[in-house]
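The lines below spell out each chain.
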Amino acid sequence: MGTLDRSILDRFVHGDPTAFEAVYRHHEAEVRRWVVRIVRDQEAADEVLVEAFWRAYRGRARFDPSRSFGAWIRRIATNASLDHLKRTRRQTHAGASDIRAPPTRADDGALRDAIATSFRRLPPKLQVAATLALVEERPYAEIADALDVPVGTVKSRVFRAIRALRRNLERLGIRP
Amino acid sequence: MTEEERLAELLREALPTTGATDSQGDLWPQVVARSRARRGWSWLDLGIAAVIAALVIMRPAWLRLLAFHL
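These protein sequence lines map, in sequence, to chains A and B. Going by our numbering, the letters in the first sequence line up with residues 1 to 176, in that order. Going by our numbering, the letters in the second sequence line up with residues 1001 to 1070, in that order.
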């Protein structure tokens, strides 16, 4: 994906709707791919994508056109994805039924559900770091840039996610 | 296999796959609608309005000053 012309970004910052659409069309696919990696749901990814570009438009005056719009919108999209996970985590806590018996290896579907539910109960910041690092295998530097934190923080969150997930699974009688 | 690798493998099996990453439809109209939607008052707006209202009630003479600035 090439970079947009600087003049388009200048016009975007000044609120030009045509420039905004050009920016959206140029970055939409890449941003959506990123969001899907985090939220793991197509319908949710659409909502988060709309939210991310709306936030970018609302905050356009803060964007420096000499910088990378792609990196900027990715940070915004990551935050929007985090907010989505926070909302759905509250719903997971509210609606989840107690798992009375640990699923066995024979119940692969139940086992996967238990692991997914345990993971979704982790703090969203840990979920995002673990999903991008362990599941999507993205470079730590890329994750750090998207979260706007140091690489060390990403590694720390991944470590804490693993530890918390292991604890949650052990409570369910599942040994990784 | 380390514990991290094992948990990563379990997560990859347990979490929904991302599949096709392109949206089914054009989301631009939704982005436009969202950008044009009337924004309600934020908590900051409400807070400032409440403070001004309280000051005007406590000091009615300030109403003239407020009206001048408006």
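No lab work stands behind these hints, which were simulated from the structure alone. Be aware that one or more of the hints could be misleading.
[To be verified] Listed next, the in silico EDC-like pairs over lysine to aspartate or glutamate satisfying Cα-Cα at most 20 Å (straight line): (1) A:K155 to B:E1004; (2) A:K155 to B:E1003; (3) A:K125 to B:E1004; (4) A:K155 to B:E1009.
Each hint, compared with the structure:
For the hint pairing A:K155 with B:E1004, the CA-to-CA distance comes to about 12 Å; that is within 20 Å, so the pair holds. Of the pairs offered as hints, the one joining A:K155 and B:E1003 holds, with about 15 Å between alpha carbons and a cut-off of 20 Å not exceeded. Taking the CA atoms of A:K125 and B:E1004, the gap is about 18 Å. The hint holds against a cut of 20 Å. Of the pairs offered as hints, the one joining A:K155 and B:E1009 holds, with about 18 Å between alpha carbons and a cut-off of 20 Å not exceeded.
No hint from the list above goes unmet by this structure.
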